[in-house]
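**Q** Protein sequence lines correspond, in order, to chains V and R. According to our numbering, the first sequence is numbered sequentially starting from 1. According to our numbering, the second sequence is numbered sequentially starting from 1001.
Since the hints were made in silico from the structure, they are not lab data. Among the hints, a few may not be true.
Below, computed lysine to aspartate or glutamate pairings styled on EDC-like, alpha-carbon distance capped at 16 Å [to be verified]: (1) V:K209 <-> V:D151; (2) R:K1020 <-> V:E25; (3) R:K1020 <-> V:D151.
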Amino acid sequence: MQTWIRTTKWKPASPGGGSQGFSVECSETGTLGHAKPNQFHQEVIASLLADLVQVPVPETRLGKCEDKVLAVSKLWGGSSLDFPLLRTTSPTDASSKEMSESLRKACGLLAFHSWINTGDLKDEHVMVAPGDQPGIYLVASIDFASAFTWDATGGVPVLPPGPPILIADASRDASVLDSAISRIAGVAEANLAPLIQSVPEVLLPDSEKKRILNGLLVRKTLIRQVFQTAGWLR
Amino acid sequence: MAKVRKIRRAFVEYQPNLRKPVTPVRLGILAEEITGAEHVFVIVGREPKGDLPELQELWGPFRTVVTEWAGVMNRSLREHVTNISSDTFALDALSERWHSNVYIVTPETKEVGSSNSLMAYATRWWQHSLGEPAVRRSRGTRARPAKKSRDRQNLWISIASSVAEARV
């Protein structure tokens, strides 16, 4: 577990949901991050799951700062903007065909949000970074503090009501969604369980781990029907 | 005795690389004063020209947000002005929206007693923070700086503008 110290070298997005986040810098590597002292197991598990099903979410791992364990979301690119700031900065770029194409490539996030039941879905949580060359954008989702809120049954997945920019018709690609849904449905319990177990029990009791794991298993096969009914798949 | 005025102010900084951070570059200062039902805002600072080494890899909106930050912040401010109450500084809400590479440092309140304009205060604070004038003086009012210093200055465009007056 890496050790982090507070820094003023940058300022993170305003934390939502009372997570009281702050800027940190890794004392060993100098890497910058966004520390989240509250509701952090959701952030870590969401990041691990996103890696597993290959949807773009910045890496978030447990870390230590001021002798406390917390989640640290590592910065995702040298430069980035959330979508509303990008739109204010350059409305032309925000509505360009290149941006729409980049959003379509990232729209598998919608299936992911449905799977893990992300609650706080707004455009401020859609980050955009420059890709390899001008006109290529990378899009990612942040802030999963509100995710995994289901009961012991796992609940029923629903169509994500946001983020508005990602659910727009021009931002959705049926084949990208289809692939993401297939990857989620194909995740085995043997792959899921270790990710959830990687959070120490002192931070997340076993009963909570079981609830989360059960929900993920129940919900993963129900997402396709939800998206099909909405006409978001071919 | 002059009436005490409260001015909310915040510096704007730029972190060129979030992955390999360096000391942030100070870009300017925002100042806000509420006078009756009116919010008065001032932006003072500098915008980098395109030949700063930190900007060479940037393109599109990631470049614009740095090279035209004052204008972008002006637009951002106007977006927020519609949602503020008569007794709440808009700068705090704006500060929460500006993060990542170009960001607004946490605002602070300064109490002042004189009748100087908000622009005069903001300009003075900016000059003090940088140790150099925010707005170029007319030719002949001060000695020419050394060549190295001139070269450095030529990479920046000074700005000083009263950006919005919103009646709420």
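**Q** It remains to establish, for every hint, whether it holds in the given structure.
**A** Structure-based check of all given hints:
1. V:K209 <-> V:D151: Given pair K209 (chain V), D151 (chain V) holds - Cα atoms ~12 Å apart, limit 16 Å.
2. R:K1020 <-> V:E25: Cα-Cα ~10 Å, so holds.
3. R:K1020 <-> V:D151: Roughly 42 Å separates the two Cα atoms, so the pair is violated.
Checked against the numbered hints listed earlier, the structure breaks hint 3 alone; every other hint is satisfied.
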